[in-house]
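4 protein chains.
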Amino acid sequence: MFIVLKPGVSDAERERLLSELRAQDLTALAVTGNGERAYGLVGPSSLLETLALDRHPLIEEVIRDSAPYKRASRALHPEDTVVSVGGIPVGGERFVVIAGPCAVESAAQIDAAAAAVAAAGALALRGGAYKPRTSPYSFQGHGPDALSLLAAASVRHGLPVVTEILDAADLEHFRGRVGALQVGARNMQNYTLLRAVGRSGLPVVLKRGLSATVEELLLAAEYILNEGNDGVILVERGIRTFETATRNTLDLNAVAWLKRHTHLPVLVDPSHGTGLAELVGPLARAAVAVGADGLLVEVHPAPAEALSDGRQSLSPDAFARLMRELRPFVDAAGRRL
Amino acid sequence: MFIVLKPGVSDAERERLLSELRAQDLTALAVTGNGERAYGLVGPSSLLETLALDRHPLIEEVIRDSAPYKRASRALHPEDTVVSVGGIPVGGERFVVIAGPCAVESAAQIDAAAAAVAAAGALALRGGAYKPRTSPYSFQGHGPDALSLLAAASVRHGLPVVTEILDAADLEHFRGRVGALQVGARNMQNYTLLRAVGRSGLPVVLKRGLSATVEELLLAAEYILNEGNDGVILVERGIRTFETATRNTLDLNAVAWLKRHTHLPVLVDPSHGTGLAELVGPLARAAVAVGADGLLVEVHPAPAEALSDGRQSLSPDAFARLMRELRPFVDAAGRRL
Amino acid sequence: MFIVLKPGVSDAERERLLSELRAQDLTALAVTGNGERAYGLVGPSSLLETLALDRHPLIEEVIRDSAPYKRASRALHPEDTVVSVGGIPVGGERFVVIAGPCAVESAAQIDAAAAAVAAAGALALRGGAYKPRTSPYSFQGHGPDALSLLAAASVRHGLPVVTEILDAADLEHFRGRVGALQVGARNMQNYTLLRAVGRSGLPVVLKRGLSATVEELLLAAEYILNEGNDGVILVERGIRTFETATRNTLDLNAVAWLKRHTHLPVLVDPSHGTGLAELVGPLARAAVAVGADGLLVEVHPAPAEALSDGRQSLSPDAFARLMRELRPFVDAAGRRL
Amino acid sequence: MFIVLKPGVSDAERERLLSELRAQDLTALAVTGNGERAYGLVGPSSLLETLALDRHPLIEEVIRDSAPYKRASRALHPEDTVVSVGGIPVGGERFVVIAGPCAVESAAQIDAAAAAVAAAGALALRGGAYKPRTSPYSFQGHGPDALSLLAAASVRHGLPVVTEILDAADLEHFRGRVGALQVGARNMQNYTLLRAVGRSGLPVVLKRGLSATVEELLLAAEYILNEGNDGVILVERGIRTFETATRNTLDLNAVAWLKRHTHLPVLVDPSHGTGLAELVGPLARAAVAVGADGLLVEVHPAPAEALSDGRQSLSPDAFARLMRELRPFVDAAGRRL
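Residue numbers (this note's numbering), protein chains in the order written: chain A, 1 to 337; chain B, 1001 to 1337; chain C, 2001 to 2337; chain D, 3001 to 3337.
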C-alpha cells in the first residue's frame, strides 16, 4: 500500500501522521522523487486494510498495491530512473551495450578487448577481476591487479568499467576505478554484500539469481535502495530450468514484467543467458525488442583461448557484426545505440 | 550421421548399399529435397563409427552429427521449409500472424473475432473446437459444431483455420474445414496422435510440451515427418519453470536454437507464453527479432467475458495496436507482415 | 465445496435440490461410498459463496474446500480406496511391489523376469508391450505379441500384469490379459485416452506427468473417475527439474501430500524416479517410510543387455536384495510385504 | 583423477613427483586420512589422460574419476566422516535430530523450545540469530543478543547450538557460543563466506542452494575443506521446481546420491523441504530410510505466533510425536536415535 499526502501538509502534520502509523507497527518509507509526499507502507497487511486511511484528513490518495517492494516500484514513481555509469546514462533513450571479456587475463588481453568493443560502439567495459567460480581449483581472477588493468583500459579507450565485487572488504580497491559495481547471480541474496554496496554510493549492476523470481530480484534491489543508493540497474541473465540445449533459459518475460513494475533500468546478458556464442546475436536483438535498456555481452580477443566462458564469448568481428545487426532493431524501438 | 551418395550412383547401386547397411542393423532414412542422394543413418552409434563409410566407393560425403532427429535436421536440408496453410506460406519471407479466440464460443463471437483479426492484418484464424482442459468439469469446447462455425468464418473473412485436434477419430470433421491441424502441448508426446496427423497429409502445427526439451520437440516432429508428411510447423509456447509471475516462461533461446538446427518453420505463442495480455506485445516483438516465422495470438471480442484464457487474450483494439507496433520490427528483420 | 444431505432426505427432495442447483449453473457430483448423501459442487466459485447453502433445510453440512477435484478428494471419502489388480489389493495393508522389465523383449526374457520377481516376493508383473519412445526410430515394443507373452507369464507365475496402453483402439488386446492398464507420464493429460480407460472398467495405474503438479494429477484421475471407474492408482515417478545427476527428481513430498488429499492408492516408481540402479534401493525404502502403498520397479534378467532403460534396471539378485532390505521398513510402517 | 603412491615412497621422492606434476600445470591435493599417500589431481583433463601415470615407478594406483571435487569425494576416502558438533557425533551410528525455532524471538521462547526438543530427544538446538530475509522490511533476527540467548539455552538444556552466519565479520560473536556454524541456502555460493568459515576451524553445516546441483554442493563443501577444515555437514533442504503445492521439492535422490559420492555427513531439513507442518513427519521418516544421518527440524513453542516460518514449524507435542514415530524407522535403518 502507498499513500500520498495532500499538498500543503506541514512538516509537523506529516510527523504526527508518521508517528501515528509507527504506533500501529507500520513503517512509512519515503519514496524519492515525489516531493516528500509519497510513502510506501510496510506492515501487517491485515492491519493495512482495517485502517481507514482513505478518510484520513492529511491523505490525498491511497494506492492499494500488495507488492512487498516499495522503493523499486513504479506505483508512485512512474518515470524511468536513469543511472549514470561513469557518465553514461543507463535507462534513458540510449540503448547501452556493455562489453568485454569474462575475466581480465592480461594487460594485452583487456586492452585489445576494450579497443575492439569501443570501436564497435560499446559504451562501457565489462571484465572480471574477482571471479566467483564453482570450483575452488578454477581460475579465480587476478583481483586488485586486474582492477588496475581495467582502470588503465578504461582511461585509454574512454569506457567506464563494470566489474563484479565478491567481498565488501575489497570495496576500496574498486572506488575510483569503476563506473559501477556488479553483484553477481550467486550473490543476489547475499544481504551483507547488498547492504555494503548500497552504502558505497556507487551505482550497482544487480544480476538475477539462477532461480530467483522477479519479485525476489526487486526485493534484492530494495536492500540497496533502502541504504539510500538510487543507482540500481537490474540484469536478466537466464534462469535455471530443465532445458540443457542452452546453458540457461533467458527469461525475456521477466524483462517485460520488470519494465512495467519497476522504474529501474533493466539490462539483458545474452552471453550467460544462452551460453552459446551463435545464439547471442538473435537474443540480443530480442532484448532490444522486448524493451531492455541495454546489454552485457562477453567479448574476448580470442575466445578459443579464454580462461573462462570461451564457448559463449564473441570475437571482435562477431561483436562488430552484432552491433551492426542490432541497429535497425534499436531504431525500431525508438532508441539510439 | 548422414551420408550423401556420389552423383550418378545408379538405382541398383543405391539399393545394394542400402541393403548392406540394413544387414548391419542400420536404417537409412531418405532426406527429402536432396535428389534421393542424402540419407540419415539410424542405428547403434558405436557401429556407425566403426563402419568405414568415408571410404565407401558410392559415398561422396559423411556428415558426423549425433542428433537423433534426421528428417527435421538442417544438416542435409539447409534451406528453410515453407509450409502452406490454406494457401498462406509459413516459413518464408512473410511474418505470419495467426490470431483468434482460445475457444469458439458462438457464431457471433467467432465471426467478430475473425473480422477483427483480418482487419488488423492476421493471415489465419485460430480458435478451439476441442479444448484439452485440466479439469473434466471445465468447458470442453463445442466440437464439430465449432468446426462448422470456424469454417464459415474462414470463408467469410478469407482466413484459413488452425485448430487443435485431440483424437484421431475426429479427423474427418477437420478435413476440408481447416488449413492446419494443431497438436497441443499436452499431446506433444502422444505418439498415436502424432502418427495419425502425420498420415492425414494435412499441415500440422506442433506445440512444444510444457517440459519438453528442444530435442524432444524435434523428435516429436520426426514422428510426423516419418509418416511422409513434410508440413510441420513448430511452436514455442512457454515452458514450466519456478517463476510464477508469468503463467509460463517463454523460451526464445529455443527459437534461435531451433532456427539453426531445423529447416521447419517456428512460430511463437506469446499469449500462453506469458499468460498476461499486457506482456503479449513486447514478447511478440521479441519473437520477430529473435527470428521466429510468425505468431499465434489469442484475441477475443470481449476478453473479460471469455469462457477460457481471458486474462491473456487481447481485445480487437489491443491486437490492432500490437500489429502496428510489430511492423517496424518486422521491417528490421527484413520480412513482410 | 461439498454438501452432505440430512439423513432421511427423500429421493424427490434430493432431486428437487439438485435441480435447484442446476438452475444456478452448478453441478452436483455424487461422491461414491457415502450413501448417496454427499455431493461435490462444481461451478463458479463466487456463486458458491453467495448461495446460503448452510441454511438450506435439506443440507446437513457444507464443507468449504476449494480443490477443483471432487471424486478423488478425501474431503468426503476419508477411508482409503483399495483397488484390486487381478485379485491383489492395492491401497490396503499390504505393501505391493510390482516388478518386471521395461519392455517385453522375448518369451524367455519375460518368463525369466516373472520367475525372478515372483520368487523375491513381487505381487504383480510389469513389462511394456507398447512403448512410448522419444524417437520414432527406437524400439517401440512388440505390441499384441508381447501382451500374449505377458499373459502366459502371468498365468505361469501367478502374477497379474500391469502394462501401458497408448491407444484406446488397442483396448481389446488388453482385456482379459491384464490386471490393470497403465497410462504413462507422457499421456497423463491425453484426455481421449483417460476417458477411454475410464469407460473400460479396468483398473488404471496413472503415472504423473513430467511437469504435472499434484493437483493436475488428481484432475487427470478425476477424468477416469468421472466415467464411473473407481479403480485408479496413482504413481509418483519423478519430475523434471534442473538437476542432472539423476534422470528425474523423485518427489516424495508429493506422495505425502497425495495421501492427505486423496483416498486413491499411491505407488512410487524409484526406477524412473532416479534413473540409476544403485539408487533404487534407498529410494524404495524412503517410499515405504513416506507412506506409499507400493512400488513399480524395473527388473531385467540381464540389465546390461536390455533394449531400453538398462541403466536403471535391477538384476534378479539386486531385486531380491531390495526386497530383503525393504522388509524392516515395511514392518516399521505397520504394513506387510 | 586420483593417485596413490607406493608404500615406502620417501619424502624426497614424493616431493620430486609433486614438482614434476606442478611443472605440467597439475596440482596434487593431499586427501586426508590416507597416510599422506593419496592425492587428487587437478588440471586440464586432456593432460591427465596423456600422462602415463599408470606406469610411473612411484605410483601404485591411478583412479580415474572425472568428478571435479577431490577432498569431498569418497573415491579415496571410503569411510564415513564423523563431525563433532559440540560433542555430538554427526555421521556415525546415531541419527542426530537438531531442532528448534526458525528465529530466536525472546529468552522465554528459546528456552521453552530448547526444553521441549531436549525432552523429546533432540541432540542439538537450532535457531536463527541472523536471518537472511527476502525483504529488507522483514524481521532480520536479534543478532548478538540472540546468540547470547542461544548460548544460555544451550548450557541449561545440554544441547550444542547450530545457527546461521551471514557475514564473516560476525565470526567472533559465534565463537565459544555455537557447536557449528550454518551457511544457508542463499549463501551456498558466497565464496567469501565459505572461505571464512573454512578458516574458522568450527564445524560447518552447509545447506544446498535452491537451484544448486549436487555437484555444485560438493564443490561448495570443497571450498571449506580446502581451507583445512574437515568438519563439513551437508544439508538437503528442498530445491525450487514448478510444483507449488509444497514450498520446495525435497530431493531425497540427492541424499542417496551424496551418500555414495561423498564421505561427509548428510542431514535433511523436512521443514523447509516441504513448508507444511503436516508433511514434516512423513518426510522425516523417508529421510531416515533413504540413509540420511540426521534432521534439521523447526519447532516453535507456539507456531501460530512465530515471527517467521510458522506454517512449517511443529509444536512441541507434534515434535514429540515425530520422534516417537521416527524410532521404528531408525531401528530398521540399523541406527540409534
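Hints in this document: simulated from the structure, not taken from any laboratory. Check the hints yourself; a few may be wrong.
[Claimed, not checked] Here are the in silico distance ranges between beta carbons for each label pair:
hint: 1; chain 1: C; residue 1: R2016; chain 2: B; residue 2: E1305; range: 51 to 61 Å
hint: 2; chain 1: C; residue 1: R2016; chain 2: B; residue 2: D1145; range: 54 to 64 Å
hint: 3; chain 1: D; residue 1: S3138; chain 2: A; residue 2: S138; range: 51 to 61 Å
[Stated by the list, open to error] Sample of chain D residues facing chain C (criterion: CB under 8 Å; computed from the structure):
hint: 4; residue: P3144
hint: 5; residue: S3148
hint: 6; residue: A3152
hint: 7; residue: R3260
hint: 8; residue: E3278
hint: 9; residue: L3279
hint: 10; residue: A3286
hint: 11; residue: V3288
hint: 12; residue: V3290
Note that CB positions come from ideal geometry on N, CA and C, so glycine has one too.
So, going through the hints one by one against the coordinates:
1. C/R2016 - B/E1305: 51 to 61 Å: Violated: the Cβ-Cβ distance is about 32 Å, outside 51 to 61 Å.
2. C/R2016 - B/D1145: 54 to 64 Å: Violated, since C/R2016 and B/D1145 (Cβ atoms, about 32 Å apart) do not stay within the stated range.
3. D/S3138 - A/S138: 51 to 61 Å: Once the Cβ atoms are compared, 35 Å apart, the range 51 to 61 Å for A/S138 and D/S3138 is violated.
4. P3144: Where the cut-off is 8 Å and the nearest Cβ of chain C is about 36 Å from D/P3144, the hint is violated.
5. S3148: violated, 36 Å
6. A3152: Where the cut-off is 8 Å and the nearest Cβ of chain C is about 36 Å from D/A3152, the hint is violated.
7. R3260: Constraint on D/R3260 satisfied, holds at 7 Å.
8. E3278: holds, 7 Å
9. L3279: With a closest approach of 5 Å, the D/L3279 hint holds.
10. A3286: Holds: closest Cβ of chain C sits about 4 Å from D/A3286, inside 8 Å.
11. V3288: D/V3288 check passes; min Cβ-Cβ to chain C is 6 Å, inside 8 Å.
12. V3290: For D/V3290, the interface hint holds, since the closest Cβ of chain C sits about 4 Å away, which is under 8 Å.
When each numbered hint is compared with the structure, violations occur for hints 1, 2, 3, 4, 5, 6.
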